[in-house]
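Enquirer: Each chain is listed here by its residues.
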Amino acid sequence: EPEVTQTPSHQVTQMGQEVILRCVPISNHLYFYWYRQILGQKVEFLVSFYNNEISEKSEIFDDQFSVERPDGSNFTLKIRSTKLEDSAMYFCASLRGTTINEKLFFGSGTQLSVL
Amino acid sequence: GESVGLHLPTLSVQEGDNSIINCAYSNSASDYFIWYKQESGKGPQFIIDIRSNMDKRQGQRVTVLLNKTVKHLSLQIAATQPGDSAVYFCAENRAAGANSKLTFGKGITLSVRP
Chain H
1 EPEVTQTPSH QVTQMGQEVI LRCVPISNHL YFYWYRQILG QKVEFLVSFY NNEISEKSEI
61 FDDQFSVERP DGSNFTLKIR STKLEDSAMY FCASLRGTTI NEKLFFGSGT QLSVL
Chain Z
116 GESVGLHLPT LSVQEGDNSI INCAYSNSAS DYFIWYKQES GKGPQFIIDI RSNMDKRQGQ
176 RVTVLLNKTV KHLSLQIAAT QPGDSAVYFC AENRAAGANS KLTFGKGITL SVRP
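Chains as they are written, first to last, in my numbering: chain H, 1 to 115; chain Z, 116 to 229.
In isolation and in its complexed conformation, chain H is listed as follows (with noise of 0.2 Å):
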C-alpha cells in the first residue's frame, strides 16, 4: 500500500527556533493536511493544503505556522518561533481526491520536542 513519508521522525529544537517538518505525500494525491497530536490528547486539525494554497485552518494555525509545497513532492510544515507548548506529535496526511468517502492516508510522524 503506498505510504505517506515522514521526516524526521525526531526533532529536537531549542525554544525560539525555526523548524521545518517535511512530508512527502502519496504521489497521486492533491489534498494535503498537517495534524498534530500532544501526548495523551486526541488528534488535532492544523491546516489543510490545495492547489497550492491553504485551504482551511484551524486557530493553532497562527502565524508562527506555514505551509509550502516547494516542489513536485514535498509538503512541509515551518514553525517559525518554537514555544514549549509546541512540543507534539506532527502527521502529515493526503487524500487522493474530492469524494467525502475517500481515505485519508497518515504518515508515521515526526515528534517534535521544544526545550
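Each hint can be trusted.
From the derived model, a few chain H residues whose C-beta atoms are all more than 10 Å from chain Z:
{"no.": "1", "residue": "I20"}
{"no.": "2", "residue": "E59"}
{"no.": "3", "residue": "E85"}
Reference listing, derived: stretches of chain Z covered by chain H, where coverage requires no fewer than 3 residues with Cβ under 8 Å from a Cβ of chain H:
{"no.": "4", "region": "154-167"}
{"no.": "5", "region": "219-229"}
Derived from the structure by calculation, the hints contain no laboratory data.
Computed from a predicted structure; not experimentally measured.
The beta carbon of each residue, even a glycine, is placed where N, CA and C say it ideally should be.
Given the structure of chain H, go ahead and fit chain Z onto it with the hints provided.
Expert: What follows is chain Z alone, placed relative to chain H:
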C-alpha cells in the same frame, strides 16, 4: 460546542473475546464517520467508515454501528487478537475534498490479554 468523544479511556479484553469500543458525537449534521487505529510510533490507520445513511457496516473482523438517534458510534472487533492492541479513535469528516478535515475523539486504548 461540537465534539466527538469516547466514553472510556481504556479497555482490556481477553484474546479471542469480542471488543466493543464506543463513541459519542454531538453534531447531528455529521455525515461521515471513521474509525482509526494508532499503534505505538505510527500514524492513525484507517479501519472502517460509515456514512450517515447507514446504520451498520462490516469489514474483516470489524463492524461499525451508527445510531443517529442517540448520536452514538461503536466499533466491534470479533475474536480480538494481540495485534489489535492499539489506541482507537473515532473521527468525523464534515466535508469532502479540499475542505475535508477530521475531528477526532480522544482515543481509547485497547489492551488484549493473552
